[in-house]
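Undergrad: One-letter residues, chain by chain:
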Amino acid sequence: MTVVEDQMAPPAPPPRRGNPIWAFLRNSWRQLTSMRTALVLLFLLAVAAIPGSVLPQRSVNIERTAGYFRDHPDLAPVLDRLGMFDVYASAWFAAIYLLLFTSLIGCVIPRLADHVRALRTVPPNAPQRLDRLPHHAAGVERPDDPAGTAAAVARTLRRRRWRTVVREGAGGGWTVAAEKGHLKETGNLLFHLALLAVLVGVGVGSWYGWHGNRLLVQGADKGFCNTLTQYDESKLGARVDASDLTPFCLQLTDFRAGFQDSGQPKSFDATVLVDQDGKEYTRTFTVNDPLRLPGATVNLLGHGYAPVLRYTDRFGQSQTRVVPFLPRDGMFTSEGVVTYPDANVDPTGKRDEQLQVGFEGVYLPTVGTDGRPTSVYPAERDPVLFLTAYRGNLGVDAGLPGSVYALDRRQMAAGRLKQVSGARPHELRPGQAWTLDDGTKLEFLGTRPFATLAVRHDPAQPLVLGGAVLGLIGLMLSLFGHRRRVWFRMTPLAAAERESGGTVMEAGGLPRTDYPGFATEFEALVRAAKDDEETA
Amino acid sequence: MAELSNQLMAFTVLAYLGAMVGYAAEYAFGKRSHIGRAAVRPAQQLVGAGGPPVVDEVESPIRPAEARDRGALLGWIAVGFNVLALLLHLGALVTRGVAADRMPWGNMYEFILSVSFVGSAAWLVVLLRRPGIRHLGLFVALIMVVLLGANGLIAYTPVGPLVPALNSYWFVIHVSTIILASGILLLGAVPAAMFLLRTGYDQGKRRFPYTLGKRAPEAGTLERLTFRLHAFAFPLFTFGALIAGPLWAEASWGRYWGWDPKEVWAFISWIVYAGYLHARATPSVKRTTATWIALIGFTTMLMNLFGVNLFFEGLHSYANAG
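Protein chains in written order, with the working numbering: chain A, 1 to 536; chain B, 1001 to 1322.
Chain B extracted, bound-state conformation (with noise of 0.2 Å):
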């Protein structure tokens, strides 16, 4: 089974490998009409209140004119192929739990594992209510190929059971929801990132990065999607790193809060993101001022997830990895 759950990576790579070169080819050969034309459409709402994404039904004015476009052929084979990386993607992480017999986020290679499915899953979510995004499809898949492959080869770990620290039922909560979180924050980098190229295309800006944002989606459209994906996540990241988490380490280690380099960077990150949702709801604050902040949390989370279980030694580290 562990094996399978390899091998099942593997192919997940190589399907989110297909997916990129799909957007990617979009992204070159595509008319440029019907972007503008997605790009302008109104934004959905995505969250409820408090509760979980809630779907729109709205007409796509643009599927008739895509189906006979050579460019969004293109697009619609690399979204097929991010289905199938996720179900592969999916197929690998039940084996490696059915393998371990247990929640497959016992250890940093599972953990970003999880982290990068929450990722994916919520990126196809988003896509299925707004078609019109479907270009960013691109950097999703590179960061997808990124973040699988450096998770294969720096911190890949065999299957193995918990230790006991672990085997907690605030195990599941507190890395579950730290797991959802962190997939949608750092898939909530993307449209943050090609909001500014967009910006910077449209101020007039023509040097290499901000040529890519020529074909990206309509600037406002992204930066409000940069703010529902965080103002989704932010709660969850609170409850899950600054609740759930303090609660365990109470039961765990005796105290709430003791600075362990992870509680450190997720303190860091919390700050960082509070910074940012501040920034946003603030009009004297430009949007692009707030979402660099979007992306120094995303880089906080990225030390989270690597730098902290590779360079310092701490409480959580169940790396293993190096």
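Isolated chain A, as found in the complex (with noise of 0.2 Å):
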């Protein structure tokens, strides 16, 4: 997919009538693995990648997604026939890097082959006249007869790992023909292969690897096992099943969060209890430091606070619950809602819809001294919990999909959920306990961390890497070799001058490439191939 436009462009074949599909077919051919075709293709990858930087991507950021549905009911499903909130896994996106990668092989393979011929093939024999070449010496004397300087002036450029051929010519002359920069071509053609393995890597990482999330509260009653129906959210590889999930068990059984007086945050540590293949042990792993089990990766994400909550109904029966109110600022200002769909059972067991109780509100670890119902600090310095009471229908019985952080607006809406507190929500702080219209009773019993996890395993990543890391090193090859041939030629100094059996010396340079450290280089070699020191 680059230079050597001089073994690309094939001899003019003879005048032929042949299948005009197979002329088709071939002309394709042609012109998809030209380089115009690809720098297109490369072109329209770029730019079919800006749409998924400027529109909410679903694999990025599900709920933005969700919102820019919401604020453009118009055009988001339009867009959305387009492919334009999953650009990255669209069959136009798709077909631009097959097309290039189809170009880049049919653009390799065949330099690939050539690459291997001329590593074979020996140095050419010197041009005629090499005062034509861009860069010449003549007149250099040695004392030695022709044959014994240039196996002198050939040991020095192996020396230099210069691949090198003796020839003898006629009248008694010898030259030597060297070459060297094979590696340019070599590092080229491994960069582009390397290209291969990273989008194989890709590809198989995306059939064979899953990633689920879980929002994790600390204690031994909340702990999870590695299963599909436990995640909050989860993708599996399209030849991955749910019972080749690894499986482990987690718990939280430490969470500790440190800030700065600034509110910044300085450290996450979170410490888990293993359980896998019947072993038990604990393991304390952080933001950048992921916890490795064999078979995934469970990287920290986030943490939140879960204030537990203990509803005692006019029955006298009590329920606790430890519900994760979700972070909404940087000060951990958190929203959530605990409901009780099962309170207020008659003793008989007789339900009664209209008596499910909900609450809903924010938490705040540090409260402000305006009152205002926004955290001040991260951490839990004066935490304090404000909760509005429903009363009614919470509609989780109907069985639709509702979020588990907000009422239902719509019980609300119909009158079916009611509001039964006063109009500011009520404070609560740990240890407090709120006794409602009805004589029953809220205490809020304290917090426990949660923390957010990403589980996820990708078997292919050691390919793509080592497929980057090998593509590097070929790049660079590429960039920093030069490809270039010398030529030195011995001639015997004249019959009269004849007894000494000295030789005389010319030389000649050809860069291949754009090489203007070449003119040194050669000047180094002719000195030393004059020198008799080094190359004795």
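These aren't lab readings, by the way, just hints derived from the structure by calculation.
Keep in mind the model is a prediction, meaning the values are calculated, not measured.
Straight-line alpha carbon distances no greater than 20 Å define the calculated EDC-like cross-link-like pairs of lysine to aspartate or glutamate that follow:
no.	chain 1	residue 1	chain 2	residue 2
1	B	LYS1286	A	ASP514
2	A	LYS235	A	ASP86
3	B	LYS1262	A	ASP86
4	A	LYS222	A	GLU233
5	A	LYS530	A	ASP145
6	A	LYS266	B	ASP1101
7	A	LYS441	A	GLU353
8	A	LYS266	A	GLU380
9	B	LYS1214	B	ASP1202
Both chains are sitting in their own frames, so use the hints and assemble them into the complex.
TA: Listed below in structure tokens is the structure:
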């Protein structure tokens, strides 16, 4: 996919009337593998990637995608049909990079063959007129005879890793032809083949990899095991079955977050009890240092607080819930909801749907002095829970999907779920209880930390990394390598001076690529060839 | 210390402004003759195989003539301002790092401060090796003034500690290589633009932007310089953005590539610069076309530096700007 055009253009085929379909295919293939097409495809790929940064992507941020659908109800479905919310998984994006890689293969394979041939070919014989070459030196005299000189020069060149051939010419003359810099093309081919390896690695990873997200609250009663149903959100590769997930269980035993006085986070450390293959062990991991288990990596993505709330209903039955409240800002003003759909069930077992209870509100780890419902510090210095109580039908029995972090607005709008506390949210501190209008009681027992975890497995990662590293090595070889040739011609000194057995030497150099350093190298070579000590 | 850093920053911009005025004065009053002579000198090797730039000792045949030249004197004054600006720039960076007690790469303000420093330092290295291209300094200084000015106005962030997400040794590896690569790629846009102006001028175009090419060094020199800067920075960028970045992302976010807006634009820049290198290596593609591609790459880099931080929300949102 680069440089050597003199090798790329095949000689014009003899005019022959072939199969038109075959001719069309052959011409299409030539067109596809041409540099111009490759450049156009590269550009298309760059342009096609842009929408993915402008529009929210499902694979990156599903909430923002949903938000875009809410804000642009007319435009969003049209864009969706074009795949604009899954740009990198869309058919047209795939079409571009597959064509590009086809073009790449079509270009690299013939060049690979050429290169192998070039590596096995001896450097060509010296041109007649060395003085026509860009670099030239003449009149260098040596005391040995031409054959000995040629051998010595060849030794010098070989020591400098030149591919060297010594040939005997007419009239007692000898020539040395040498070539260097095949690493450039080797690097070029390595780079492009490594790109293929990366593509294969990405493909294999998306087939055989899987990942899931899980919010894990601290406590033995809140453990989680690596099965699909226990994830809040998950995605399996095309060739992965739910039963393929590595079995292990995690339990968050401790979570510590450190903050600066300004509220900026300083450190997060999660300690978990791992249960895998019948062994239990404790591990601590943090943001940039994931928990690496055999067959899965667990990354710490975020954290928050889960208030513990006990509700005692009108029949004296208590239920305790630990509900994660999702942080809304950097100071951990957290929003959440706690519901008791099974509250106020008559001791005889009779349910009254109108007596279900729910509380919605915010949790502030540190309440400000101005009484505003926003936290002023992310750690629990002065925690307060502001709640509003609702009673009625929570709408959870209808089977419709709803958020677990908000009450059902449709039920409220329909009057089936009524607010039963005052206009202002009720303020609760840890240990405090709140008695509602019907004599029932809500107690705020305290909070537990929770961690949001990403669990992931990608078996092809080593392949992708290996491909990228090899690609970089190939890239540097191809950018900084230079192909060049030199020739030395040894002619016997004129007959009158022949007794001394001397030789006169002429040298020529030809850089095959734009290489300004060649002049210096050529001079050094000629000097070395002249210098007895080095050639001896 | 933070206050000192801010003051040094202000003086840095002033010094670059001084350098810009000096370069501009030379541009306006300098003699055409020695520029022409400087322009045809053979290009030097800039980049060794994979290693750091190698300095070739080359006799400058034009220096004695220049010493008597008023324009050249202005030029050297400009270079003096430029060196002063670079030192102040370094001072602003170091005091910023001392004040924060970490590498000064923690947010957009510090990142642009570092990228522009690398660009400026690389410019002086190139200038040292090829005094003949001194006239490009006007545009380098102009870019510095604009970039640093915009940075101070749009992206200024008070000194603060690193968030835990950045607290990793990958922070040093990933960010430093990206800063190096970005700085050199941004600098590479200067000879690229001048090459296009110069070629346009040589082809007889006399409209406004092309008149700037009149005093630019010879087109071939500019073109080779453009290529060398890009060829040097491209592998660095590849390592920083496409190897070190994914390695860190894997440890931090659990996946090596996730199409975060910053990742998308790094990918786009990489593709465009790869296109430039391919076009440059293909004889049938005109050098002007290839150089236009390099300039498109420059705009994608700018987009990634400013646009992505300011307009898009993503995982790389450490900018605290706006």
